[in-house]
Amino acid sequence: MSLFQKILNEYFTTEIKSQGLDYFEDDRVTNVRLEENTIIASVEGTEGYEVRVVFNRNMLPANLFCTCPYTGKLNCKHIAATLYKTNSFGFFTAKYYRDQIEKVFPSKVSQSNNIEVFQSKSTDETVIEINTAPDEEELRRQRVNAYHLEIERIKEEERFNGLKAMLSLLSEKNEKIQQAPPIRISYAIEQHGLQTKFKVLRERLRKDGTPDGNPKPIYKLNNEHISDLPLEEQLIIHLILTNSEYLINPFSNDMKNFRKYDGESHILNKVLESLTDKIVFDGKWDYRSTDRLNVHADYATPTLNIDKIEDEIFIWLEFDFKDYKQIDVCSTSPILDKPLWIQFKRDIFRLKHISFPQYFVFFNQKEKIKIHSRYEEYFEQNILNKIASVFPIRSNTYNMTQLKVNPIKQIFFEEIDGELTGSLKFRYSTFHFGYEQSQAISSVIVDNSIIQIIRDVNFETESVSQIRSLNIAFYDDGTFKPKAEPIEFLFASIPLLKDLGFEIFGVDKLKNYSINFDSPKLKFNLSSGIDWFDVSTDLSFGQQIVPFEELINSIKNNSRYIRLDDGSTGLIPERWLKKLQNRLNFVDLKKSSLRISKLNFNFFEDLEDENVEFNPDENFISYQKRLIEFKEIKSHIIPKLFKGTLRPYQKSGYDWLMFLKEFQFGGILADDMGLGKTVQVLALLSNLSQKNVTSPSIVIAPTSVVFNWLNEIERFTPNLKVLNHTGTERVKESIGHFAEFDLVITSYPILVRDIDNFKQIEFQYVILDESQKIKNPTSLTAKSAFELKAKNRLCLTGTPIENNLLEIWSQMNFINPGYLGSLKKFNDNIRIKIEKDKDEETSDYLKKLLFPFVLRRTKSIVASELPEKSEIIHYCEMTEEQKSVYDIWRESIKTEVMSEIQDKGLQKSSFKIIEGLLRLRQICNHPILINNSYKKNSGKVDEFKDLIQRVTEEGHKVLVFSQFVQMLEILKHELVKEKISFEYLTGKTKNRQECVENFQNNPEIKVFLISLKAGGVGLNLTAADYVFHIDPWWNPAVEMQATDRSHRIGQDKKVFVYKFITKESIEEKILNLQEQKKTLIENIISTESGVFKNLTTEDISFLLS
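Quick note, my numbering runs 487 ahead of the 1-based positions in the sequence shown.
Mixed in with the good hints there might be a few duds.
[Said to hold, decoys possible] If you anchor each label on the Cβ, the simulated ranges turn out as follows:
| # | residue 1 | residue 2 | range |
| --- | --- | --- | --- |
| 1 | Tyr865 | Thr888 | 22 to 28 Å |
| 2 | Glu534 | Arg955 | 39 to 45 Å |
| 3 | Gly696 | Lys771 | 22 to 28 Å |
| 4 | Glu537 | Asn1418 | 18 to 24 Å |
| 5 | Glu522 | Ser1371 | 28 to 34 Å |
| 6 | Glu537 | Glu1358 | 53 to 59 Å |
| 7 | Asp1096 | Gly988 | 26 to 32 Å |
| 8 | Asn1098 | Glu502 | 28 to 34 Å |
| 9 | Arg1062 | Gln1247 | 35 to 41 Å |
| 10 | Asp1096 | Gln1247 | 48 to 54 Å |
| 11 | Glu1149 | Gln1247 | 25 to 31 Å |
Rather than coming from a laboratory, the hints here were simulated on the basis of the structure.
Where a beta carbon is used, it is the ideal one built from N, C-alpha and C, also for glycine.
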């Protein structure tokens, strides 16, 4: 593999390489130049972009940069195009450019075991390269030396810039002297018969810019001659010096017979193309100004003359070029044969639509070709038609007519050596011409008359452009080969080509690339089970039937192409593929059918079109009719036994719960914290108690919330017979007594312990409160919940998604088992597509699936029914002693953490990271949390004392949350000193209900100290109108839940939330990261995602900075 190919494969995707090649072939890369070891170029894209590629000593890119906004994988197409352009000049193969790159780098003068010393060629500076890791002291010394060297470099640069400015000022005050460059590069072309020599010339210039003598040839490349030239011209000079002579072989295309001439036509063609704006001399003379040649980019047009004089036919070839008319080929000289360049007088130009052998026939005669009368018939029957198809003809012998018709563009496909090949042709009336015959006039012989076909050159040129746009390799003879897979190319290009007006031939005769253009037909046969539909499918292309298994495999593999029994390939419509691909993730695949949950009634949505047929059974039709006739959720009367009034949005929630009950759907009531999910469910259970049901319902809640349920039941539904199945005194041996109750209340820990008893009963309702408790589907809690039997299932949560989509799968799998498919399928095909690949289509489809079963209202929606809430960031300054402790720990932790990340990677360093960040957060609260011997103050505690004093003196009640129980102990000690009455709740608190009631009802109790983990959810603490968050948590949703203990329905005062943040610390950075990393999955349903699980190495470094 070549160096250039290796670079392309390593630095660019396949698609980008193809786009870069297209840009290069479209001549979008300009102003290419080499500055030291850096290629700089301009690329014309959507806008003009600058590309820079820095090369190392081994000619490999060390840095690639483009000003475009590309953010995809690897590097952009503009950089790729630049490298293609550079390679076309021989940059990666020519020794000259390797030498130029090598000169930039210092040369090696000595070597030891771990240090290589190089002496720079341009300065006296010594450069040290490390091969193996030195010790810490050596690294420190090198950093210090590098710092001082950089300072000296900056000073030197400033002195240089100052000198430039002074010289510029002097030049403004004095008469300017134009200083011409001392050397000018020019070129020479020397032609002898079929041999051409190219030369590079150097001429010295006087100060006024005029030549100082005649130019002299350069035989050896010297950088001082060309260093100031653009890269393109440097490359051309290199090409000339390495391909200086060329010999045209008129009898063979094999150049091996001419080894003494090292030139190659395709290289020298580039040379000639580049000389159109350069000074070029005739190499036969002494390079005087009178010996100038003009190299033209324009083409000359050939004309074949056929005249009959007496009994003989004369044939000769002439050209028209610019002001020259009827140039006889014998007066020209060939310069290059592929393509054909010739010289006439002092002009060098190309000939159009003629090969060198055709040219040589006339050139070699040195006079007109004469055909005797006895060969006239043979000439007219066997030769005239052939040469007429090649050349425009001028004749006074034959009858000549002109034909002007609209052309038809045609493409002929065939397989050549197993490869798909297309040919471009043009039909004028009944006459066909290939692209290689493209010229203004083509002649054909009909009944000894010459018909001149007027070709539509613009039409043909446009047709070629249309073909080139198809991602193909297009050749000069009008043939082309697809760069993509042939089958893919045919399906994509043939409809497009037909739309563009091309006639297509040969596709039906292809063997290896046979395609079936019949419109596919998809048939669904549906039969109903108890909770599912069985669906078999038939896919057909005309008479070709696709087996079910092959169809499923194509959908799974995202392949639109499917092999048919007759060897042809069919194309599955993309709209089917995309829709079915997502939907297959939510069904069970059987050997020859699909099993779809009845809840997944929108599986067939948007699939209907003229090529899709449905054959449902009567049960499916009946079920579908019931759903179709459903217009809206009905309004239901609140049961008389319900003691309370529902707010309007709560009444809507109750009606939605009744809708779920009617259709026996499970649901997630996901209202914000504090909007009264409990009371809406109690209204539902009150309705149920009027129906004489024979089995109880069960509510499973966090331990801290159980007493809240008991209180709310006593308040709103005192008629319900309730069993509190918690604590050590519960009956564990049997649950036969459950049937005596309407409702059983228990906790998640009890659910796990007593699951063997619970799963023996089929409950009316199983209701999970704070259902994020089962967010991990592999946990014992979730597995126990999945085992419960119930006619109806509900989840209640303010945060249905905290970190990832597996959490919503777990809750949906509880309320509607199997609805979202298996856990593995969901994780591999849904979660990763949405979270990692940002697949909007998959996200939208999941949203559609969830929509009927999730009801979420936020406080912003029902804002008119809640008091206002204000959030204040309360910054705290560390004391001097505290700041000193923080800085010492931060530096130590940063060194340890970053070192471990470097050694083990981010994932395996998580324990060290968590431990380090925890220590810093503790110091922000109070250094005593990590060092019991610390005797000084804490800035945050001082701020707390000041603020709590003021707030309580004004008669307000305050909730104080902290993640650290030890911090709450410190605050507790301060409240005791200040004689402020308080309640205290942590995970060890037994009498939770008494604590809550005392705070709610006792006006003397002003403060409630609460551990965030123990009291962040489930408590109703509306007596407080101030909330203090002593320390920030990674997940802002957890803080919001804690705040909602106060800011909830029942609160009649404005709520003030204070977040205590230590300035210039990790806490301030956590606040910043919360803002940066709020990855809301709003297009699904959810709260803000936790931050810590998304931390990167850069984030860790930021936190510890």
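Going through the hints against the structure:
no.: 1; hint: Tyr865 x Thr888: 22 to 28 Å; result: holds, 24 Å
no.: 2; hint: Glu534 x Arg955: 39 to 45 Å; result: violated, 23 Å
no.: 3; hint: Gly696 x Lys771: 22 to 28 Å; result: holds, 27 Å
no.: 4; hint: Glu537 x Asn1418: 18 to 24 Å; result: violated, 56 Å
no.: 5; hint: Glu522 x Ser1371: 28 to 34 Å; result: violated, 50 Å
no.: 6; hint: Glu537 x Glu1358: 53 to 59 Å; result: violated, 46 Å
no.: 7; hint: Asp1096 x Gly988: 26 to 32 Å; result: holds, 28 Å
no.: 8; hint: Asn1098 x Glu502: 28 to 34 Å; result: holds, 31 Å
no.: 9; hint: Arg1062 x Gln1247: 35 to 41 Å; result: violated, 49 Å
no.: 10; hint: Asp1096 x Gln1247: 48 to 54 Å; result: holds, 50 Å
no.: 11; hint: Glu1149 x Gln1247: 25 to 31 Å; result: holds, 28 Å
Checked against the numbered hints given earlier, the structure breaks hints 2, 4, 5, 6 and 9 and satisfies all the rest.
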